[in-house]
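Number of protein chains: 2
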Amino acid sequence: MSKIFVDACLGKETPYTPVWMMRQAGRYLPEYMKVRAEAGSFLDLCHDPEKAAEVTLQPVDIVGVDAAILFSDILVIPDEMGMDLSFVKGEGPKFSDPITSQEDLDRLIGGEEAAGRLTYVYDTIKLIKERLADDKALIGFTGAPWTLATYMIEGQGTKTYNICKKMMYTNPELLHNILAKVTEVVKLYMEKQIESGIDVVQIFDSWAAAIEPSKYDEFSWKYMIEIADYLKAKYPHIPIIMFPKGIPAFIERGLVYGNFDVFGVDWGTPMAFAKEKLGDKYVLQGNMEPCRLYSKEATTECVEALQEIMGSKRHIFNLGHGILPDVPVENAKHFVKECHRVSRKG
Amino acid sequence: MSKIFVDACLGKETPYTPVWMMRQAGRYLPEYMKVRAEAGSFLDLCHDPEKAAEVTLQPVDIVGVDAAILFSDILVIPDEMGMDLSFVKGEGPKFSDPITSQEDLDRLIGGEEAAGRLTYVYDTIKLIKERLADDKALIGFTGAPWTLATYMIEGQGTKTYNICKKMMYTNPELLHNILAKVTEVVKLYMEKQIESGIDVVQIFDSWAAAIEPSKYDEFSWKYMIEIADYLKAKYPHIPIIMFPKGIPAFIERGLVYGNFDVFGVDWGTPMAFAKEKLGDKYVLQGNMEPCRLYSKEATTECVEALQEIMGSKRHIFNLGHGILPDVPVENAKHFVKECHRVSRKG
Chain A
0 MSKIFVDACL
10 GKETPYTPVW
20 MMRQAGRYLP
30 EYMKVRAEAG
40 SFLDLCHDPE
50 KAAEVTLQPV
60 DIVGVDAAIL
70 FSDILVIPDE
80 MGMDLSFVKG
90 EGPKFSDPIT
100 SQEDLDRLIG
110 GEEAAGRLTY
120 VYDTIKLIKE
130 RLADDKALIG
140 FTGAPWTLAT
150 YMIEGQGTKT
160 YNICKKMMYT
170 NPELLHNILA
180 KVTEVVKLYM
190 EKQIESGIDV
200 VQIFDSWAAA
210 IEPSKYDEFS
220 WKYMIEIADY
230 LKAKYPHIPI
240 IMFPKGIPAF
250 IERGLVYGNF
260 DVFGVDWGTP
270 MAFAKEKLGD
280 KYVLQGNMEP
290 CRLYSKEATT
300 ECVEALQEIM
310 GSKRHIFNLG
320 HGILPDVPVE
330 NAKHFVKECH
340 RVSRKG
Chain B
0 MSKIFVDACL
10 GKETPYTPVW
20 MMRQAGRYLP
30 EYMKVRAEAG
40 SFLDLCHDPE
50 KAAEVTLQPV
60 DIVGVDAAIL
70 FSDILVIPDE
80 MGMDLSFVKG
90 EGPKFSDPIT
100 SQEDLDRLIG
110 GEEAAGRLTY
120 VYDTIKLIKE
130 RLADDKALIG
140 FTGAPWTLAT
150 YMIEGQGTKT
160 YNICKKMMYT
170 NPELLHNILA
180 KVTEVVKLYM
190 EKQIESGIDV
200 VQIFDSWAAA
210 IEPSKYDEFS
220 WKYMIEIADY
230 LKAKYPHIPI
240 IMFPKGIPAF
250 IERGLVYGNF
260 DVFGVDWGTP
270 MAFAKEKLGD
280 KYVLQGNMEP
290 CRLYSKEATT
300 ECVEALQEIM
310 GSKRHIFNLG
320 HGILPDVPVE
330 NAKHFVKECH
340 RVSRKG
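From first to last, the protein sequence lines stand for chains A and B. Position one of the first sequence corresponds to residue 0 (numbering that gives the first Met the number 0), numbered consecutively onward. Position one of the second sequence corresponds to residue 0 (numbering that gives the first Met the number 0), numbered consecutively onward.
For reference, chain A alone in the conformation it holds in the complex (with noise of 0.2 Å):
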């Protein structure tokens, strides 16, 4: 059976648009609350197959996404690299021992055996695709390399980045050094979720906007592509979708290039604008601001305003970041019936 969403990334003509969120299974859902709370702590919910399909299972069935996103963190991939990741209540992620010295970085498990730490996500992805209608898409994830260097170089999330661009500033052998053991760490854990069954690769660069737009290449679009290549080589089937956050100049500078099939636009970039510069090339995801969902009326509004500017092909629609967790529920599934709505062809 073809799935919409698959068919969306690919450019292939759909009934209707299809559309996710990000983060769509998470905390405005009173049913991810319930299983959180049995979990014990998030790290728990992640390291748990049975819950974690569950909570990834949520949105399709009740607020109607097209397709499901693996639950998961990108921050497993350091932990399991031999970094302690923790999460302290109100202050997000924390790794003991950040990344200083290249002794530190070769500490670190690399390569296939850091890659096959990862089961707990392999076996959750097993137990979606038993569970997922056949008409839907499981999506997985990862961040970027530089996404998750700069984790593990500051030890937690940072306001300025000033430990990783002091790095790279003054010592860039080390940050590629960094960037270049996760990269290949992230091949073997996006193959591996590939073997164990999702249908679609998404790369999250959720600072891509740490960057200054001259370095941007360097540091992080360039891993992300030797990624994209890698899997596109193994497994030309698999729609991969890229999401930089933040980067409208760097569109404007021609920065985005490369081997994959869907960019992902963020709400501060305008959807023309990128259809403009991208939309020959590649398929667009987006771009609702996530707080418009506060209200119906702002929800419509954009939802409208977006198909105007894409039409029924080459789009998929989607929030440009995160969905909040005091959205209402029924204010989500707005969202959704209105995106079915207005693409609807015929």
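Just so you know, nobody snuck in bad clues.
Which copy is meant is left open, because identical chains are indistinguishable; a pair holds if it fits in one copy or across any two.
Below, simulated DSS-like cross-link-like pairs (lysine-lysine); rule was C-alpha separation at most 25 Å, straight line:
1) Lys-332 to Lys-295
2) Lys-274 to Lys-344
3) Lys-295 to Lys-214
4) Lys-295 to Lys-158
5) Lys-336 to Lys-312
6) Lys-332 to Lys-165
7) Lys-312 to Lys-11
8) Lys-125 to Lys-231
9) Lys-336 to Lys-165
10) Lys-274 to Lys-221
11) Lys-295 to Lys-165
12) Lys-221 to Lys-276
Keep in mind the hints are simulated off the structure, nothing from the lab.
Position chain B relative to chain A; hints supplied.
For chain B alone, coordinates are given in the frame of chain A:
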């Protein structure tokens, strides 16, 4: 005596391109840390004209910049409107009673009364002007109404701006009422800064990028332009610098217009792009990535690249955001020296 910085803002010929740095009076300077420790809290320092004047002048003497910028904080405005500002160590600014309704807003002090309470700022300006060399300029500043409103509504800094954006999409009237009341105070506040002796005005819209492009004009830029129009009508000889951070997409969409002199380019916006789109209308200020200051080589590379793009006219060197606390002072001096070296004529 003519001030090279003021001349450059007005697009006149200057013997070299002037330079200053956002947050140049700040924690990277041991001399600042000494005065800060003597003053007590950060807010105590803002309230002490003698000490605020002293730290304002330090970077002119120590680093050699061409303009001083008033030492103060954008949040003294809502503080004097009757919101109770405090700075919690490690957490940043807090207002104990954020605005949630028209009644909350009506309780705040507005217009002339609020502007009249900021006497410590005007006294600081007078002290600085007594001591500043005649060929150096003093920049006064304010936060943009939108940026100020984010703190007044959220009660603190925010990653998602979800409370103010919920207001934007569900109760835009209230948000506009807040913005209008703040705009009135800012107009009078900047007028009093000018009457006290500042040579140039900078308006910081630090959180410009929190608004989606299609809403930016309505909720921020038009209020900034209202302030600029008011000041330009009364003080046409005082240059105005607009610095909305993070908005290459807005530049692309033609959302930058109006009666001001200098456009501040953040480091995420390529200078060549800003020049192409705005260089004929506005003098451009910026835009070295502040983290380049960790390396003298990376600093020189960027200064030379900016000189290559801009030439020695209609440009002011600056960082694309504030200098970070752990930058070596000698690197800041190197930056200033290099800007003067590459741009000096004849």
